[in-house]
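Participant: The residues making up each chain are set out below.
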Amino acid sequence: MEVKIGVFLCDCGGSLKNIDFARVSRNLEELEDIAFVDTSHKLCLEDGRKAIASRILGQNINRVVIAACSPELCEHKFVRLLQELGFSPNLLSVANIREQCSWAHEGDVTAKALELIRMAINRTRLLQPVERTEVPVKKEVLVVGGGFSGMKSALELSRLGIQTTVVEREAVLGGKLWQDEGLYGFEASARKVLSSIREEVKGDENIEVLISAEIAGVEGYAGNFAVKINKGTDEFCRDFGAVIFTTGYKAETLPGYFRLSRGSKIISQQELIEILEAPAKLGRRPEVIGFILDAVDENSRLGSLCALNSALAAKDKLGSEVYVFCRNLKVDSEGAEKLYQVTRDRGVMFLKFEQKPQISVSDGRVKVEAKDILLGEDISVCCDFLVAEEKALPPEGTEGLSSILNVGVDSQGFCQDENVYLYPVDSERKGIFFVGACRGNLDIARVSIDVTSAVMSAYELLAPGRAIVEEGKVNVDGQKCRVCLSCIRACPHRAIRLVRENAEKWTARIYDLACDGCGICAAICPAKAIRFEGYTDEQILAELEAIGEERGGNNKIIAFCCENSAYLAADKAGRMRLHYPDNLRIIRVPCAGRVDIVHVLRAFEKGAAGVLVMGCQEGACQHLTGNIRAKERVNYTQDLLKEAGIDAGRVKVVNLGPDMAQKFVREVREMAEKIKEE
Amino acid sequence: MIIAERKPLEEIRTMIAGYEKILVVGCGTCVTICWAGGEKEVGILSSQLRLASSREGKELSILEGVVERQCEKEMVIEELRDKVQDVEAILSMACGIGVQTVADLFEEKPVFPALNTTFMGMPEGEGVWTEKCGACGDCLLYWTGGICPVVRCAKGLLNGPCGGTRKGGKCEIDPEKDCAWVLIYRRLEKQGRLDLMRRYYQPKNYRAVKRPGRIEAVTA
Amino acid sequence: MNESVVVIGGGIAGVTSALELANSGLKAYLVEREAAIGGQAASFCCKATDVCAKCSVCLVPQKLKEVTTHPQVSILPSSIVTGVSGEAGNFRVEVWQKPQYVSQEKCIACGLCVEVCPTEPKAIHSPCPEAIPYSYVIDESQCLRLRGEKCNLCREICPTNAIAFGHEPERQELDVGAIIVATGFEVFDAREVGSLGYGRLPNILTGLDLERLFARNGSLELPSNGEKPEKVAFVQCVGSRNENHGYCSQVCCKYAMRFARLIKYQNPDAEVTIFYIDLQTAGKGFAQFYEQCRVSIRFIRGVPVEILEGSSGRLELRFEDISKGKTSRETFDLVVLSVGMVPRKGSWDLARILGINLGDYGFFDTRSPIDSNKTNVDGIFLAGTCQGPKDIPDSIAHGIAAAQKARELLG
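Chains as they are written, first to last, in the numbering used here: chain A, 1 to 678; chain B, 679 to 898; chain C, 899 to 1309.
For reference, chain A alone in the conformation it holds in the complex (with noise of 0.2 Å):
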C-alpha cells in the first residue's frame, strides 16, 4: 500500500522563533509521499488535536509526522489521540524540534529542525502497525517458602481473592522464626503469632500447602508459568502465573570467631531465648552476659536489633550485668533508636571497639578483651554467657536456584540483582518475585512490605486473567532462525525460548508479555532474523539517511540516546538552555543495547564524524546488561574503524543519569572538539 504521510509542525505559540518554519515546510511539501504540511501554534491543546483528527479522518494518509516539543512530553497525547480515531499509534513519529533543536542552540536552527523532521519522516515510511491482543494468564500464584513471609504472601494474596499453592522444604510450616523463636522486636512471642498464622493459612480455602516439597524447575513466563515440583517421590508439574519466592535465610550460628573450646559458655541467640523462657533451669543466676557485633559481619541491621532486644530482656528478666560490644550499631530501622536508648537507660552497657575484640576461656567463663574507644582504655569483661553474633547466609540452595531459573543474585549472594530497576522485589523474569530474607532484607518491618508489595504486583499482572499485550511487536522471522540461540542467551529478560511448532523448524520465540522492549536480542542476531517494529535496522538506517551529505565532507555528530536516561538528560539540557554544538543528531532508542556495529559503521558511512552512544549508568541499567553490551559492541567498533583507518577516538560511549545534563552537554562539546581537529 502507498505510504502517504501527514506532517504536523507545531511552532508552540510561535515562540521557537530560531526556525524557520515557512522554509521547513516548502521543502517538505515537495517530497513525494507527504500528502500535506500543517503548522499550528499549540498542536498539543485541544484545538491543535481536534486539527490532526480532522486532517485524519479527511485525508487518506496512513502515517503521521509530528515536530513539536520532546515526545516525552507530547506524544502520549498524540498516540492516545490517534487510539481514539482508530489509527494505529505505531504509524506515528515525534521529531524534537524544541528541546533538541530550538532550545539547545544559539542562532538559526532550520537546518537542523529540517533534518531532524526528514530523519523522521525516512523512519515513519517504514513503520508497521501493531496489533494489541490478550494473553490469557493464569490467576493462581505459587510461594515458595511456607515461612513468616510465605504464609502472610498466601493470606494476604487470598483476600485480594488469587488462590495460592506454598511450597516447604520442611514438614511444617514457619520457617526460621519457627525454630529460631524471636519475632525480633515485638511483645508478643513469634511462634505465638505463626501459630494463629499458620492457623489461618489451614482454614483458607484459597491456599493450598504442599510440605516437604521442593521446586525442580520453572520453565515459562510471566502469567503461565510451568513449575516441576518435588514431593518425596513424586514429580509433577503445575501451572502459575506468578511465583513469589520466600525462601528466608541460612544462619551460620557460630562462627569461627566464636568457636573456642566446648563447654564453653558461648551461646547461640536461641539458647539465650531459651534460657530467658526458662531462667530457674539455669540453677545460679548469670552474673554478666556479653554480646558481641560487628565481629563477623559487619553490616547487618538484624544482629544490631536482636542484640539490643535480647539484651533488654537479659537485663529485665535475670538482673545480671548486659555489655554490648559493637564497632557501628545499626539503627536504621523503624523503633530501633529507641530501643537503644531505652536498653541503655535500663542500664546496660555499650562499648564501641575499632579492633575486633579477643575472646578466651578464662576460669570458665569467657572472657572479652577489646579497646572501648570512647574510654580510651583497654576493657577486661568476664561473661557468664557471650552470646554469638550471627552471621546471616543466603537460604540453601539459592545458587542451584539461581541456575535453574536464569536469574542472578546480588554481590552477597542473596537472590535478587541488585540492580536498582528491580526493586523492591522484582527480578529479571516479570512474574517472578524475591521476598524479605532470601534478598538480603532481614527485619522484620522491611519483610512485611516486601511481602506485600510482591502481593500486589502479583495481583495487578494476573487479576484481570488476561493481559494486554503489542502482539508481536518484537519478533523472530523464523524462517531466517539459525537457532544460535545468541538471542536467549542474551535476553536478560529472558523472554525468549526455543520452541518446534507443528513438528516445523525449531525457531526461537519471542513471548510478548515477557518482553520488555530493549531490543538486545534484535542487535545479536546474526541472521538478523529479529525485528523489533519502531526500531530496526532498516528504521533506524533510514533515519541516518537523512544526515548524509556527501561522505567525508561532514561533521555531524550521531548521539544514539537512551530514552531512559541520556534522552532525558538532553531534554533538560534544552530546558535549561545549555548550548552545545548543533551539528548533534539524536536517534532515540529504547535502550544502548539496541545499539548494533552496523549503525555505528553506517552513520560513519553516511557522512557523521562522530559517534556517541549514550546509555544509563554502568549497574542501572533498566535491561541490567543493555549499557554493557553497548560498550563490548563500541570497543569491537573500535577496533574495525581502527582497521578501516578511521580514528577510534570518533566513537565513543558514556554513561549517564536522566538528570546529568551538564555531562550530556560536555561529551557533545568534546566530541565536537575532536571531530574539529581533521
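If you're looking for bench data, these hints aren't it; they were derived computationally from the structure.
Derived lysine-lysine pairs resembling DSS-like cross-links, with alpha carbons at most 27 Å apart:
#	chain 1	residue 1	chain 2	residue 2
1	A	50	C	1004
2	A	642	A	631
3	C	1004	A	77
4	C	963	A	77
5	B	761	B	787
6	C	1222	A	356
7	C	961	A	77
8	A	356	C	1224
9	A	480	B	751
10	A	202	C	1272
11	A	606	B	685
12	A	528	B	751
13	C	963	A	663
14	C	996	C	1243
15	C	1224	A	371
16	A	473	A	631
17	A	676	B	736
Dock chains B and C against chain A, hints included.
Facilitator: Same frame as chain A, now just chains B and C:
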C-alpha cells in the same frame, strides 16, 4: 559445526584491491552461528570496506547477499545467479567449503575468502567456541568416555596423561586448558568404566581417511 | 464501595501508590500541594562514579511520566485536603486548589510571557527543569498585577490564553473509597543548631543543598568563590539521634558516602572526611560499596559540635576524635551537614482533619511495625516517609504496599 574467524581487514583489502564492484556473500549456517560470516557480519564488513576505500578516495561498490548454506550448489545458484552478473569479484564470508563451492560454480569470477576456517567446535557460552573434533576419521570416543584426546590433549596422547599435568588438572603446555586425560579419567570413573584406561591404544592411523576425503553413500 | 482513592502527596511514594492503584483497576486522585509533582526526590541527582551508586534517584522520572500519562490517574496540583467525612469505603474529601494563574492544561512552556514581563527578576518564569508538569509559574511577591498594580502583558501575549488573574481558589469534593497519606518529609532545619553555622558562615551546605547543586551543575564548586573544594567534611546525624529526634533518619550515612565517593571521583586530589556516630552500612548492595569507601574516605568517629570561621574564608571544625581520645580542630573548604528527615509542619493539621494519630516524633502513627501502612482509622493508609524516614526504594515499596491495603479494602 565449523568455526571460522574473519581475516584482518588489511589482508582482505589486499585481495580485493583494484576491484571496484564486488559481491560480499555470507552463509546462513555455521558461520552465522559463530558470528563470523552471517548477514550481520556481511553488513559490518561491507561498511568497513566502504569506509576504508572512501578514506583513500577510491571507488568501491558492494552488493551484499547471504546464501542459506553456501556449500549446497543449488542454493548458491538460486541466490547468486543474478547477483554475480555485474560484479568483478566475489568476497565470500563462508568457510573454505563455501568459498570453493562458489568458486567452482562461477569460474570466471575471482572468489576470495574473507574468513579463516579454524576448527570444528561448539559454543561454550556466549561468544566463546572451542574445538572438539579433529576429523581424524577413526573415532575413539568410546574408549575415552566421550572426550577426544586427539584434539583436546595438547600432545594428542592416546594412552593417558603425559605426567606433566599441573595443579588443578591443567595442561602442562597450556595452563589455561584442562588436561584432557584428567577429564577422561573422571568421566570414566563416573560411569564405572575405568577398566578402559588399561587398554593400550595402538599408534593412531592418521590416514584413516584418504585426503581429500570422499564418501559415496548408497542411494536408496 | 467506591472504586477510587485519594492519594495525598505527589512525591515518589504517593506517585507509586497512585500508579499501583491505577494499574489494579481503581481510579486515583493525586492531590499535590505544589504546582509540580515529584516531591523531594525529583530534585535529587545521580551519584554514580564509574558505576551506579544505587541511590535510586533514576527511578523517579519514569514513575512521574507514567503517572502523568495514566488514564486512571487524575492529578490535582496546587491542591490541599481541607476536610474529610465518611468512613472506609465511602469518604468524602474536600480539596481546595490554589488559584492557578497559569493553567497547567494550557501552558505550553513557550516562554513568550517571560520576554514581556517587566519586573526584575521576572515574576513569571519557567519552573525548575525537572518539574512535571513543565508549566510556567508566577511568583506572587514579584508580580505587579498580583500586588495590585496594572499589568496584563503576559496575559496578552500568551498564545494559548493560559494566564488569567482574578481566579479564586477552587473547591472540589471527591467521593472515594480510601485515602492514602503520602505527604513526605522535610529536612531538619540546620539553623536550629546555631553552633554549626549554617546560613551564617559561607560554604556550609546541607545534604539537600548538595543534591540540588549537583542536579543543577553536575559538579561541586564552592558557593563562595566557585573554586573546587580540596578538603570537604561531612557531619552526620544533624537533627537525628538526639532528644527531639530520637530516631535514625536511615538515609544520611548512605548519601554522605555516595557524595563523598562522587566528590573524590570528580576530584581525586580532594580529601573527604566523614564525621559519624555509628555508620549505617546495612542494606542490599551496600557492603561492597562501603569497603571501597574505606579505602578513599577518611572516617572519624565523633561528630563536631562547632564550626567556626577559619582563616581566608575557610571553616574550622571543632570535634572530638573519639578513637584517638582527644579534641581537635581542623580546617576545611566545605562542610556538608547530613541533615535528617523530620515530619512536615502541616502534619498536625492533616492529622486532625483525617482523625489519624501522630507518633512519638510527629510522623504519622501506624498500627504495628509489621503493618506500617495502616492508621488508627480504617480506610486511611500511609505511604512513604510521612510514616517515618525511608530511602527511595523503601518509599516505593511502602507506596506499593499502601495501594495493596486500599485494594484489599475496596475488594
